[in-house]
Amino acid sequence: MGSDIFEIGVNFIKMVLIFVMMVQLVPLLVWVERRGSAYIQNRFGPNRVGPLGLTQLLADAVKFLTKEDFMPERGYRFLFLAAPVVALIPAALAFGAIPLSHPIFVEPFEWLGQTWGPYQFDFQSYKIGIGIVFVLAVSSLAAYSLMLAGYASNNKYSLYGALRASAQTISYELAMGLSIVGILLLFNTFDFSEMIRLQSGPLSFHVLGTVYTFDFLPNWGIFYQPLGAILLLAAMFAETNRLPFDLPEAEAELVAGYHTEYGGIKMNMFYIGEYGHMLVASGLMVTFYFGGYTLYPFLTPGTVSSWFAGSTPTMTSVWTSLILHVVFLTKVLLFLWLFIWVRWSLPRFRYDQLMDLGWKTMLPWALGNTIVTAIVIFIMRTSW
Amino acid sequence: MSQLLPVLVLSGFVVVFGAAIIVVASLLGTKAAKSKTKLETYECGLESDMSGSTKVPIKFYLTAILFILFDIEIIFMYPWALSFNDFIRQGYGLYIMGAMGVFLLIFILGLLWEVKSKALEWE
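Sequence order for the protein chains is A and B.
If you read the first sequence in this note's numbering, its first letter stands for residue 1, the second for the next number, and so on.
If you read the second sequence in this note's numbering, its first letter stands for residue 1, the second for the next number, and so on.
In case anyone wonders, no lab produced these hints; they're calculated from the structure.
Beta carbons: idealized from backbone N, C-alpha and C, even for Gly.
Hints may contain errors.
[Claimed, not checked] Using C-beta positions, here's what the derived DEER-type ranges look like:
id, chain 1, residue 1, chain 2, residue 2, range
1, A, L79, B, K38, 17 to 27 Å
2, B, I75, A, V10, 53 to 63 Å
3, B, F76, A, L141, 47 to 57 Å
4, B, I75, A, V376, 49 to 59 Å
5, B, W113, A, I5, 26 to 36 Å
6, A, W341, B, S117, 18 to 28 Å
[Unchecked claim] Taking lysine to aspartate or glutamate and the EDC-like style, the derived pairs with C-alpha atoms no more than 20 Å apart in a straight line are:
id, chain 1, residue 1, chain 2, residue 2
7, A, K156, B, E114
8, B, K36, A, E7
9, B, K38, A, D69
10, B, K38, A, D352
11, A, K127, A, E7
12, B, K116, A, D352
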């Protein structure tokens with residue numbers, strides 16, 4: 001985690017801060033969801049507690065914490081308590097691997113009579129070379145928490161909800177994994193930072209040895225892989241169990257699905273997991289197809305750091321990273337709003353339609369996308 | 001290994017955080033009297049007929065098995081996608097295309113067979 005005590009300390013604090021940021025975004029998103037749904041359905045939503053109803057979140061948290069700690073007699077106690085904790089892990093681990101901004105470079109400095117540095121702090125919990133594979137592997141562990149919750153409750157609604165959830169998650173994982181192959185063919189890397197670096201320039205196509213450049217457009221993946229982006233987004237909706245794919249919680253059929261028996265803060269932890277997953281999904285969409293923390297003509301690491309030409313290299317690096325982090329957050333929040341918008345606009349699928357869409361529609365389309373991408377890249381990049 | 005140490009630290013931190021929340025909630029929570037009816041498994045007014053061992057439709061197992069097969073096949077495409085450009089640059093483009101073509105042919109035949117054998121039909 002670092003070579004000396006300063007680096008280890010900073011890395012650990014950074015890790016905790018990023019996790020807390022993820023957890024703290026959840027009440028905010030719940031607020032946006034409630035106000036947003038109210039806006040969409042032409043009603044008010046929570047607007048009494050504090051300005052714009054913002055302190056409603058605090059009131060909710062207190063209420064959740066002071067609820068009676070309850071579990072049904074027939075349930076399996078340890079698994080019942082473990083499931084909500086397990087729900088937190090995949091989202092937190094996956095979110096930690098996504099770069100949230102440009103790395104911060106710290107020049108050597110004097111402190112406590114000792115020379116420290118130079119350091120490079122990545123703006124993410126940890127940097128893993130095979131980042132994409134790691135995120136896919138970890139985020140698919142989410143199915144375990146649902147299965148645990150369903151099994152441990154010993155309730156038929158919970159169990160059927162959990163079964164549906166896991167069957168759905170694994171089915172859409174195929175389409176998700178396959179839709180990413182196109183972007184891998186394009187950028188040839190498993191590393192998020194490298195992928196973002198490749199997207200931070202102007203849009204340029206290599207056609208038979210000639211390069212065509214469009215100066216006013218960024219080199220984003222969406223311009224090369226529009227179909228892949230749509231498939232990945234749809235699969236992400238299914239992976240996070242959000243409407244129109246929220247069959248595991250179809251309240252008309254299953255009461256509340258896998259968390260029927262849960263209440264208070266334990267149920268809320270499943271929500272943290274679900275919203276954390278939405279955050280990871282949005283982060284992946286932004287990183288793969290929308291340039292990550294860069295916005296080519298105006299906000300790239302190069303242009304932003306040139307604004308601070310007068311200050312020290314360390315401060316320049318810090319400010320650059322913070323500004324680029326705001327760019328990343330803005331893009332992610334736009335996607336999160338899309339998640340909420342879709343939830344309140346579309347009805348739910350029927351279960352056979354859902355499975356058909358995953359296996360018989362999205363999987364072949366993702367396969368076709370891969371084949372076409374490979375053939376086009378082969379033709380364009382070969383020196384005949 | 002040193003790359004994965006932070007992952008271990010973070011998972012440990014998350015587990016401790018989650019466990020702490022549950023403990024705090026159980027300490028702060030209201031203590032109300034528990035009755036037999038209250039502790040029953042949730043059911044819409046009837047007595048629940050869940051009795052320890054539950055039968056699960058075989059369909060879900062089938063889906064899971066098919067998933068494992070296809071997921072492994074998709075994972076095989078990742079290293080191929082990663083080294084695709086290097087092969088083209090070295091002049092082995094046709095070879096890598098052909099190799100993947102054979103693999104994809106088997107993949108597609110498998111998918112077609114699966115659809116035809118009605119393994120994916122849900123009633």
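For a C-alpha distance cap of 20 Å, please report whether K116(B) and D352(A) respect it. holds (16 Å)
Within 47 to 57 Å or not, the Cβ separation of F76(B) and L141(A)? For L141(A) against F76(B), whose Cβ atoms are near 21 Å apart, the range 47 to 57 Å is violated.
Does the hinted range 18 to 28 Å hold for W341(A) and S117(B) at CB? violated (39 Å)
Regarding the pair K38(B) and D352(A), is the alpha-carbon distance no greater than 20 Å? violated (36 Å)
Proposed proximity, E114(B) with K156(A) (alpha carbon, max 20 Å): violated (30 Å)
Pairwise hint evaluation, D69(A) against K38(B), where the allowed Cα distance is 20 Å at most: Between K38(B) and D69(A) the Cα gap is close to 13 Å, so the pair holds against 20 Å.
Indicate whether the distance between the beta carbons of I75(B) and V376(A) respects the range 49 to 59 Å. Hint violated: Cβ distance 23 Å, outside 49 to 59 Å.
Given the hinted pair K36(B) and E7(A), is their alpha-carbon gap at most 20 Å? Cα-Cα ~56 Å, so violated.
Given the hint of 26 to 36 Å, is the C-beta distance from W113(B) to I5(A) inside that range or not? violated (60 Å)
Verify the CB-CB distance for I75(B) and V10(A) against the hinted window 53 to 63 Å. 35 Å Cβ-Cβ, so the 53 to 63 Å window is violated.
Determine whether the Cβ-Cβ distance between L79(A) and K38(B) falls within the hinted range of 17 to 27 Å. About 21 Å separates the Cβ atoms of L79(A) and K38(B), which means 17 to 27 Å holds.
Can you confirm whether the C-alpha distance between K127(A) and E7(A) stays at or below 20 Å? holds (14 Å)
Hints 2, 3, 4, 5, 6, 7, 8 and 10 from the list above are not met by this structure, while the remaining hints are.
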